[in-house]
Amino acid sequence: DTEVTQTPKHLVMGMTNKKSLKCEQHMGHRAMYWYKQKAKKPPELMFVYSYEKLSINESVPSRFSPECPNSSLLNLHLHALQPEDSALYLCASRMALGEAFFGQGTRLTVV
Amino acid sequence: QKEVEQNSGPLSVPEGAIASLNCTYSDRGSQSFFWYRQYSGKSPELIMSIYSNGDKEDGRFTAQLNKASQYVSLLIRDSQPSDSATYLCAVKVNTGFQKLVFGTGTRLLVSP
Numbered sequence: 073d074t075e076v077t078q079t080p081k082h083l084v085m086g087m088t089n090k091k092s093l094k095c096e097q098h099m100g101h102r103a104m105y106w107y108k109q110k111a112k113k114p115p116e117l118m119f120v121y122s123y124e125k126l127s128i129n130e131s132v133p134s135r136f137s138p139e140c141p142n143s144s145l146l147n148l149h150l151h152a153l154q155p156e157d158s159a160l161y162l163c164a165s166r167m168a169l170g171e172a173f174f175g176q177g178t179r180l181t182v183v
Numbered sequence: 127q128k129e130v131e132q133n134s135g136p137l138s139v140p141e142g143a144i145a146s147l148n149c150t151y152s153d154r155g156s157q158s159f160f161w162y163r164q165y166s167g168k169s170p171e172l173i174m175s176i177y178s179n180g181d182k183e184d185g186r187f188t189a190q191l192n193k194a195s196q197y198v199s200l201l202i203r204d205s206q207p208s209d210s211a212t213y214l215c216a217v218k219v220n221t222g223f224q225k226l227v228f229g230t231g232t233r234l235l236v237s238p
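Taken in order, these protein sequences are the chains called P and D.
Just so you know, we're using my numbering here: the first sequence kicks off at 73 and counts up by one.
Just so you know, we're using my numbering here: the second sequence kicks off at 127 and counts up by one.
The reader is advised that the hints may include incorrect statements.
Straight line, CA to CA, 27 Å or less: simulated BS3-like cross-link-like pairs of lysine-lysine [unchecked claim]:
hint, chain 1, residue 1, chain 2, residue 2
1, D, Lys225, P, Lys94
2, P, Lys81, P, Lys94
3, D, Lys128, P, Lys112
4, D, Lys168, D, Lys225
5, P, Lys90, P, Lys110
6, P, Lys110, D, Lys128
7, P, Lys125, P, Lys81
8, P, Lys94, P, Lys112
9, D, Lys168, P, Lys110
10, D, Lys168, P, Lys113
11, P, Lys125, P, Lys91
12, D, Lys193, D, Lys225
13, D, Lys128, D, Lys182
14, P, Lys81, D, Lys168
15, D, Lys168, P, Lys94
16, P, Lys112, D, Lys225
17, D, Lys168, P, Lys108
18, P, Lys91, P, Lys112
19, P, Lys110, P, Lys94
20, D, Lys225, P, Lys81
21, P, Lys108, P, Lys90
22, P, Lys94, P, Lys113
23, P, Lys113, P, Lys91
24, D, Lys128, D, Lys168
25, P, Lys108, D, Lys128
26, D, Lys225, P, Lys110
27, D, Lys128, P, Lys113
28, D, Lys225, P, Lys113
29, P, Lys108, D, Lys225
30, D, Lys168, P, Lys91
31, P, Lys91, P, Lys110
32, P, Lys125, D, Lys225
33, P, Lys112, D, Lys168
34, D, Lys193, D, Lys182
35, D, Lys168, P, Lys90
Just so you know, the hints here were simulated from the structure itself, not pulled from any lab data.
Throw the hints in and build the complete structure from the sequences for me.
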């Protein structure tokens, strides 16, 4: 089983809203990632959690707040986003030296 | 210099031909290399991983790695229209925090 599950698949939110993206994996992977992908661009790394601790924050604005409640779950809390934050948000997980597997993504539209 | 570089394409090949996709990387300490396929509007799907110099074959796909030249390639034999997608090269860079960096991707078009 190489499944990473992301919810919701689609999200439309206003600039004053607070919402959360969720990611879950049951492969025992100890590294989990959030990526942001704009159209016709490669995935852009936002955050890395290693053993449930934040190990990389790629200078992401504070309106994006990650959380790793346990080894299977990764959340991305969203607040006061801008229209330019509209993108496909991808969660991935991987073993220490192995392959990374992506969830199906959340298509976010900020209005 | 970008950490991972790919020709954006599009690379156009006829059905049944061999498609050759290339990738170079800048971190000489990198040890893990991956190819992902991404259809429009979908998430990246892992198709190959390679860790040692040489070739690795899986069905119609062959990944090639040359660490001395800092070069990774993906060959797709007997290309099918369903192979039309963007192919992303990804490299685990040696920062100690498992950072996976992607190239810009090569768009492959396979014509019937």
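Tested hints:
1. Restraint check: the Cα-Cα separation between Lys225(D) and Lys94(P) comes to about 21 Å, which is no more than 27 Å; the hinted pair holds.
2. With a C-alpha separation of about 10 Å, the suggested pairing of Lys81(P) with Lys94(P) holds against the 27 Å cut-off.
3. Proposed proximity of Lys128(D) and Lys112(P) is supported: the alpha carbons are some 17 Å apart, at most 27 Å.
4. For the hint pairing Lys168(D) with Lys225(D), the CA-to-CA distance comes to about 22 Å; that is within 27 Å, so the pair holds.
5. A distance of roughly 21 Å separates the Cα atoms of Lys90(P) and Lys110(P); the hinted pair therefore holds under the 27 Å criterion.
6. A distance of roughly 18 Å separates the Cα atoms of Lys110(P) and Lys128(D); the hinted pair therefore holds under the 27 Å criterion.
7. A distance of roughly 26 Å separates the Cα atoms of Lys125(P) and Lys81(P); the hinted pair therefore holds under the 27 Å criterion.
8. Proximity of Lys94(P) to Lys112(P) is assessed by CA-CA distance (about 24 Å); at most 27 Å being required, the pair is judged to hold.
9. Restraint check for Lys168(D) and Lys110(P): satisfied, since their Cα atoms lie roughly 12 Å apart, inside the 27 Å limit.
10. For the hint linking Lys168(D) to Lys113(P), the alpha-carbon distance of about 13 Å falls within 27 Å, and the restraint holds.
11. Straight-line distance between C-alpha atoms of Lys125(P) and Lys91(P) comes to about 22 Å, which keeps the hinted pair within the 27 Å bound.
12. Only pairs whose Cα atoms come within 27 Å are accepted, and Lys193(D) paired with Lys225(D) is accepted, the gap being roughly 18 Å.
13. The suggested pairing of Lys128(D) with Lys182(D) holds, with an alpha-carbon distance near 26 Å, which does not exceed 27 Å.
14. Between Lys81(P) and Lys168(D) the CA atoms are separated by roughly 11 Å; this keeps the pair inside 27 Å, and the hint holds.
15. With a C-alpha separation of about 17 Å, the suggested pair Lys168(D) and Lys94(P) falls inside the 27 Å cut-off, and the hint holds.
16. Note on Lys112(P) and Lys225(D): the hinted pairing holds, with a Cα-Cα distance of about 22 Å set against a maximum of 27 Å.
17. The hinted pair formed by Lys168(D) and Lys108(P) meets the criterion: a straight-line CA distance of about 13 Å does not exceed 27 Å.
18. Between Lys91(P) and Lys112(P), the direct Cα distance comes to roughly 25 Å. Compliance with the 27 Å bound is thereby established for this hinted pair.
19. A hinted pair counts as satisfied when its Cα atoms are at most 27 Å apart, and Lys110(P) with Lys94(P) qualifies at roughly 19 Å.
20. Note on Lys225(D) and Lys81(P): the hinted pairing holds, with a Cα-Cα distance of about 25 Å set against a maximum of 27 Å.
21. At most 27 Å may separate the alpha-carbon atoms for a hinted pair to count; Lys108(P) and Lys90(P) meet this at roughly 18 Å.
22. Using a Cα cut-off of 27 Å, the hinted pair Lys94(P) and Lys113(P) holds, with the two alpha carbons roughly 23 Å apart.
23. A distance of roughly 24 Å separates the Cα atoms of Lys113(P) and Lys91(P); the hinted pair therefore holds under the 27 Å criterion.
24. A C-alpha spacing of about 25 Å is found between Lys128(D) and Lys168(D), which places the hinted pair at or below 27 Å, so the restraint holds.
25. Note on Lys108(P) and Lys128(D): the hinted pairing holds, with a Cα-Cα distance of about 18 Å set against a maximum of 27 Å.
26. With a C-alpha separation of about 19 Å, the suggested pair Lys225(D) and Lys110(P) falls inside the 27 Å cut-off, and the hint holds.
27. Simply put, Lys128(D) and Lys113(P) have alpha-carbon atoms about 14 Å apart, close enough for the 27 Å limit, and the pair holds.
28. For the given pair, Lys225(D) sits about 18 Å from Lys113(P) by alpha-carbon distance, which is consistent with the 27 Å threshold.
29. Annotation: proposed proximity of Lys108(P) to Lys225(D) holds, straight-line Cα distance about 14 Å (limit 27 Å).
30. At roughly 22 Å between alpha-carbon atoms, Lys168(D) and Lys91(P) fall within 27 Å of each other, so this suggested pair holds.
31. Simply put, Lys91(P) and Lys110(P) have alpha-carbon atoms about 19 Å apart, close enough for the 27 Å limit, and the pair holds.
32. For the hint pairing Lys125(P) with Lys225(D), the CA-to-CA distance comes to about 14 Å; that is within 27 Å, so the pair holds.
33. A C-alpha spacing of about 12 Å is found between Lys112(P) and Lys168(D), which places the hinted pair at or below 27 Å, so the restraint holds.
34. Proposed proximity of Lys193(D) and Lys182(D) is supported: the alpha carbons are some 14 Å apart, at most 27 Å.
35. Restraint check for Lys168(D) and Lys90(P): the C-alpha separation of about 25 Å stays at or below 27 Å, so the hint holds.
The structure is consistent with each of the numbered hints, conforming to all of them.
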